[in-house]
Amino acid sequence: MATNIGAAPHAMSSSVRSSDALVSVRNLRVSFRLDRKTTFEAVKGISFDIPRNRTVALVGESGSGKSVTSLAMLGLLPPENSVIDPASQIVYGGRNLVGLPIGELRKLRGADISMIFQEPMTSLNPVFTVGWQLEEVLRLHVGMTGRAARKRSIEVLREVGIPEPERRIDAYPSQLSGGQQQRVMIAMAIACEPKLLIADEPTTALDVTIQKQILDLIADLQKRRHMSVLFITHDLAVVGEIADHVVVMRNGEIREQGPAKVVFENPQDTYTKALLRCRPQLDRRPERLPVIDDYMSGTGPKHTDERRRGVRPSDPIVLDVKNLGKSFYSREGLFGKREFKAVKDVSFQLPKGKTLGLVGESGSGKTTVGLTLMRLHEATSGEAIFEGRDLLSMSPKEFMAYKRRIQIIFQNPYASLNPRFTVGQILVEPMQIHGIGDSSQARTDMAFELLDKVGLPEVSFYKYPHEFSGGQRQRIAIARCLTMKPDILICDESVSALDVSVQAQVLNLLQDLQDEFRLSYIFISHDLAVVKYISDEVMVMNEGSIVEIANSDEIYRHPKMPYTRKLLASIPRGWQGAQARAKD
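Be aware that the sequence shown starts at 106, since it is given in my numbering, and climbs by one per residue.
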């Protein structure tokens with residue numbers, strides 16, 4: 106049952122007078138037509154205010170209705186299958202945006218209300234320069250053209266922290282890093298000085314240092330420009346860093362809302378408490394991470410004992426990597442070529458049944474290390490000794506026998522499964538290729554066992570990937586890896602795109618599998634809290650080289666190198682982190 110927002114002692118409506126509200130949402134209901142007879146109510150009569158000159162965080166898991174709410178404000182929901190209840194109100198400037206003519210809405214978009222979308226690469230047009238896209242915004246909403254528009258575009262790029270804006274204005278999106286692309290999206294959003302900035306998961310795909318820069322940038326812009334910000338995310342640790350007010354949503358309803366201090370220090374709703382506790386903590390490591398259902402069922406977490414981590418000298422080594430190097434080459438001039446060293450002289454050992462966490466900013470070389478060990482990239486130099494053999498110098502025919510012993514789980518569960526195959530075909534095909542199982546029936550039986558192992562029902566065998574959520578797809582990807590009975594599993598950002606509760610479920614599953622089969626993991630991630638939880642040893646990389654390597658507890662307590670300290674200082678620490686910075 107949702108918290109009664111009118112009666113809740115900590116409700117935002119009691120802390121924000123209606124005269125202070127820039128936008129007032131009242132009884133918003135949004136439904137989608139699934140077919141001629143079926144509709145799905147995505148947003149179920151929610152009400153909240155966005156105060157002037159404040160940041161409101163809209164928090165919840167995937168499917169909670171937060172993005173639908175923001176798109177409804179801008180009139181961006183698909184007209185062919187979405188329906189907003191006529192009694193709904195989204196009041197801005199004395200006008201109800203629900204039912205406003207499309208021409209009037211277009212005047213508001215960009216000028217009064219702007220939006221930053223989650224994935225900048227799909228939001229920026231790859232065939233136009235950054236400057237052209239910025240100038241288009243100014244031309245459409247302000248009527249600014251020519252030199253004035255270019256000058257203004259350079260000013261805005263400088264304001265959002267783009268280096269050398271006079272030069273970067275003529276760059277294409279593909280020539281910028283992920284963090285710079287997101288800064289360009291922010292520049293486009295603020296170019297016309299909007300009164301409300303909607304940021305929809307703007308830091309989800311970014312590494313921890315870039316995430317901190319973007320959060321600081323949005324907070325700074327909000328204060329300097331006296332904007333209101335609606336910040337949409339599933340991560341409460343991020344919310345605590347930036348928000349003045351918090352609105353928690355689940356299944357289209359508001360569970361709790363109020364000032365950030367009240368919600369974080371004294372949450373009233375069980376779901377809010379669960380969201381706060383599901384994310385890995387830096388100061389403790391329980392046997393299993395709590396999940397949402399632990400709290401919603403009223404039982405609480407079942408495993409509260411601390412899990413011991415670390416590597417001992419006596420642990421047997423399953424993989425010994427020596428002086429690994431990988432270079433990429435690009436053409437320069439007619440006959441020349443330029444070398445880019447993505448991985449430089451990397452050496453490490455992976456003990457059996459242990460987890461090596463691989464962390465670093467985007468472009469540090471951590472994913473290239475994983476792909477090179479899998480022979481998806483051919484190494485330029487070095488060795489990877491597995492059972493006395495160098496995996497990197499084997500012929501393709503020789504490596505075939507070892508290929509199934511080292512498997513990889515990719516970051517995107519939506520792109521890594523063949524949409525034309527059923528789950529059964531996805532699981533059985535690798536067994537057929539590698540000759541696992543003595544008959545078709547034996548392979549099918551193994552597939553059913555693996556589905557049970559990763560917590561999916563038998564009926565999943567007959568379904569297609571699009572019928573599953575992101576977390577379920579990642580479980581299918583893990584089951585596919587297990588069909589090979591691997592010794593080593595490389596997890597490449599395999600939980601970074603998941604909600605905190607689903608992330609906890611997948612991390613618990615990986616830990617259970619490691620306990621049962623003594624699997625060794627190379628866990629690649631930009632989320633340092635997750636790496637701290639699951640790793641026995643952590644290797645920090647920067648610009649293709651190892652910066653530091655040590656036991657996970659030791660490296661977090663006593664980092665030796667400045668770069669490691671910089672990474673750790675960027676971890677979002679929620680409300681406590683915001684309070685600590687305020688005191689500084």
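Careful: at least some of the hints might be erroneous.
As the list claims (entries may be wrong) - Straight-line C-alpha distance at most 25 Å; calculated SDA-like pairs for lysine to any residue:
hint	residue 1	residue 2
1	K317	K427
2	K427	F504
3	K508	L476
4	K149	T227
5	K446	T227
6	K449	R480
As the list claims (entries may be wrong) - Listed next, with one range per pair, are the computed distances between beta-carbon atoms:
hint	residue 1	residue 2	range
7	L481	K328	25 to 33 Å
8	D325	L481	39 to 47 Å
9	T250	K212	30 to 38 Å
If you are wondering where the hints come from, they were derived from the structure by calculation, not from laboratory data.
Glycine included, each C-beta is placed from N, C-alpha and C at the ideal position.
Non-conforming hints, listed in increasing numerical order: 1, 4, 5, 7, 9
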